[in-house]
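Go ahead and model the full structure; you've got the sequences and the hints to work with.
Taken in order, these protein sequences are the chains called Y and E. Numbering-wise, my numbering puts 98 at position 98 of the first sequence, and it's gapless, one number per residue. Numbering-wise, my numbering puts 75 at position 75 of the second sequence, and it's gapless, one number per residue.
If you are wondering where the hints come from, they were derived from the structure by calculation, not from laboratory data. Note that the Cβ used here is the ideal one computed from N, Cα and C, for glycine as well. Any given hint could be a false lead.
What the hints assert, rightly or not - Here are the computed lysine to any residue pairs in the SDA-like style, where the Cα-Cα straight-line distance is at most 25 Å:
#1 Y:LYS114 to E:PRO21
#2 E:LYS9 to E:LEU245
#3 Y:LYS74 to E:ILE31
#4 Y:LYS74 to E:ARG29
#5 E:LYS9 to Y:LYS157
#6 Y:LYS78 to E:ALA24
#7 Y:LYS78 to E:THR114
#8 Y:LYS116 to E:ARG28
#9 E:LYS212 to Y:TYR8
#10 Y:LYS45 to E:LEU13
#11 Y:LYS74 to E:LEU11
#12 Y:LYS45 to E:THR114
#13 E:LYS37 to Y:GLU137
#14 Y:LYS78 to Y:GLU163
#15 Y:LYS78 to E:VAL14
#16 Y:LYS114 to E:ILE7
#17 Y:LYS112 to E:ASN33
#18 E:LYS212 to Y:THR14
#19 E:LYS212 to Y:LEU51
#20 Y:LYS112 to E:ILE32
#21 Y:LYS116 to Y:GLU79
#22 Y:LYS45 to E:ASN33
#23 Y:LYS78 to E:PRO21
#24 E:LYS37 to Y:LEU51
#25 Y:LYS157 to Y:GLU137
Claimed, not checked - Non-contacting residues of chain Y with respect to chain E, defined by C-beta distances greater than 12 Å in every case (computed):
#26 GLU113
#27 LYS178
#28 SER181
Claimed, not checked - Residues from chain E shown here face chain Y by an in silico Cβ test under 7 Å; the list is partial:
#29 GLU115
#30 ASP118
#31 MET123
#32 VAL125
#33 GLY129
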Amino acid sequence: MIRTENIYKSFHDTPVLKDVSLVFKKGQTNLIIGQSGSGKTVLMKCLVGLLNADAGNIFYDDRNFSAMRFRQRKVIRKELGMLFQGSALFDSMTVEENIMFPLDMFTTMTRKEKQKRAQFCLDRVNLHNVEHLLPAELSGGMKKRVAIARAISNKPKYLFCDEPNSGLDPPTAILIDKLISEITRELNITTVVNTHDMNSVMEIGDFVAYIYKGQLWWTGDRHTILHTSNAELNSFVYATELMRTIKSEDH
Amino acid sequence: MQVLHHIGKYLILVWIVLQRPENASIYRRQIINEMDKLGLNSLGIVAIVSVFMGAVVTIQTAFNTDHPMLPIYAVGFATRQSIILEFSPTVISLILAGKVGSQIASEIGTMRVTEQIDALEIMGVNAAGYLILPKVIAAMIINPVLIIISMFLGIFGGYLACFITGVEPLSNFLYGILFEFSQFDVLYAIIKTVVFAFIITTVSGYFGFYTKGGALEVGRSSTTAVVVSSIFIIIFNLILTQILLV
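Have a look at this one:
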């Protein structure tokens with residue numbers, strides 16, 4: 001479980017996050033949604049420690065991450081996996097080396113054991129015969145899947161995904177969403193996904209937090225989000241023609 | 001104030017870089033790779049520049065010291081001293097600052113803007129240490145080797161110039177090369193080179209590591225890294241010369 005308490009963050013006196021308190025439960029896919037510039041990426045960066053919140057606390061299973069020093073944070077960081085918007089695979093390494101990298105760094109596994117684990121992770125994300133390819137030789141969807149494989153290689157307790165299906169065609173985007181959801185349940189981990197894609201919300205949103213102008217505006221799940229009376233959330237959810245059609249057919 | 005801010009930030013980065021590595025064997029492998037990438041790949045340019053500069057120094061010295069009162073070893077001696085004391089350690093280091101420095105800054109800068117450094121940090125890896133320390137150690141080992149090769153090739157260039165143009169009798173040139181040779185001069189050149197290698201890798205690493213933005217900023221970081229490294233090399237050249245030779 002990850003819990004945030006009264007998170008505040010500003011850049012040059014411009015408030016970006018205002019009093020955000022949330023609980024992300026274990027074993028479910030937690031989504032942070034909001035318009036571009038709403039502060040959801042900043043919130044995720046605060047969660048993983050890439051940015052320090054100006055005020056407030058972040059707890060990883062009752063361990064106060066915000067109060068920890070750099071070295072203490074390392075213990076928790078080894079329990080994190082993250083899928084970046086641009087995949088962030090290491091260009092100079094092959095797919096297999098990318099997946100083995102966290103194992104190389106933090107485990108005493110033999111090379112064979114690491115290769116076996118890398119193969120397992122690749123199989124899990126349905127990628128085959130790509131272990132010796134470089135990231136530049138992969139398609140966008142394959143890169144995302146390799147990034148997921150790398151994120152889960154060291155058996156994380158917490159998985160973060162920043163816009164996991166941006167730049168992907170709809171079928172591949174759904175595939176990535178489903179993969180994230182399945183892995184969350186299989187490994188019983190806490191997953192936090194940052195997205196503005198309503199398809200993702202409807203596919204995998206076990207818990208949904210809507211951030212509006214830096215504030216936590218609404219929480220619920222993929223079922224309740226369609227029937228909310230919250231005006232700001234409705235304008236976000238029904239921004240596309242597709243969602244408006246679904247709504248009118250519902251009525 | 002901006003300069004002080006950068007110096008402070010640079011010193012903090014150097015402190016982080018010098019922290020104990022997470023996994024020494026990975027760093028050892030990285031050091032070998034970097035020695036190949038930063039050092040051996042620069043051998044060609046170092047060789048070409050050294051041979052031609054050695055030849056030019058010899059020809060210019062010969063033309064400017066053509067006087068019966070000057071000893072016969074003057075050309076060889078001046079060429080050797082110029083190459084060992086200044087040309088090989090300083091000029092070659094400036095060339096390496098251009099080649100290696102821009103390579104380091106653009107490589108690390110690209111990793112920054114494509115979130116690869118964020119990925120390392122989230123994994124719990126000391127990203128600065130992992131990316132910069134192997135480069136620092138590799139350059140501090142391989143650059144002195146390059147500089148010694150450069151010394152030999154520079155003197156060889158001078159010998160070739162005498163042989164081809166006849167600007168100085170070969171026997172006089174060789175006599176000058178061997179005249180009152182001091183091993184300390186080579187040690188002095190190696191000390192300078194090691195310091196310059198540290199400057200090139202850490203300054204370039206600093207500008208790459210703190211790149212913000214996109215491709216344009218990566219290019220800007222790369223250029224700034226070369227300019228600042230070169231300025232630091234020139235400043236430290238003066239300081240080290242004062243300390244070691246005077």
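Taking the hints in turn, this is what the structure says about them:
no.: 1; hint: Y:LYS114 to E:PRO21; verdict: holds (20 Å)
no.: 2; hint: E:LYS9 to E:LEU245; verdict: violated (32 Å)
no.: 3; hint: Y:LYS74 to E:ILE31; verdict: holds (24 Å)
no.: 4; hint: Y:LYS74 to E:ARG29; verdict: holds (23 Å)
no.: 5; hint: E:LYS9 to Y:LYS157; verdict: violated (33 Å)
no.: 6; hint: Y:LYS78 to E:ALA24; verdict: holds (18 Å)
no.: 7; hint: Y:LYS78 to E:THR114; verdict: holds (21 Å)
no.: 8; hint: Y:LYS116 to E:ARG28; verdict: holds (24 Å)
no.: 9; hint: E:LYS212 to Y:TYR8; verdict: holds (23 Å)
no.: 10; hint: Y:LYS45 to E:LEU13; verdict: holds (21 Å)
no.: 11; hint: Y:LYS74 to E:LEU11; verdict: holds (22 Å)
no.: 12; hint: Y:LYS45 to E:THR114; verdict: holds (15 Å)
no.: 13; hint: E:LYS37 to Y:GLU137; verdict: holds (22 Å)
no.: 14; hint: Y:LYS78 to Y:GLU163; verdict: holds (22 Å)
no.: 15; hint: Y:LYS78 to E:VAL14; verdict: holds (24 Å)
no.: 16; hint: Y:LYS114 to E:ILE7; verdict: violated (41 Å)
no.: 17; hint: Y:LYS112 to E:ASN33; verdict: holds (22 Å)
no.: 18; hint: E:LYS212 to Y:THR14; verdict: holds (19 Å)
no.: 19; hint: E:LYS212 to Y:LEU51; verdict: holds (15 Å)
no.: 20; hint: Y:LYS112 to E:ILE32; verdict: holds (23 Å)
no.: 21; hint: Y:LYS116 to Y:GLU79; verdict: holds (20 Å)
no.: 22; hint: Y:LYS45 to E:ASN33; verdict: violated (32 Å)
no.: 23; hint: Y:LYS78 to E:PRO21; verdict: holds (15 Å)
no.: 24; hint: E:LYS37 to Y:LEU51; verdict: violated (33 Å)
no.: 25; hint: Y:LYS157 to Y:GLU137; verdict: violated (30 Å)
no.: 26; hint: GLU113; verdict: holds (15 Å)
no.: 27; hint: LYS178; verdict: holds (23 Å)
no.: 28; hint: SER181; verdict: holds (21 Å)
no.: 29; hint: GLU115; verdict: holds (4 Å)
no.: 30; hint: ASP118; verdict: holds (6 Å)
no.: 31; hint: MET123; verdict: holds (5 Å)
no.: 32; hint: VAL125; verdict: holds (6 Å)
no.: 33; hint: GLY129; verdict: violated (11 Å)
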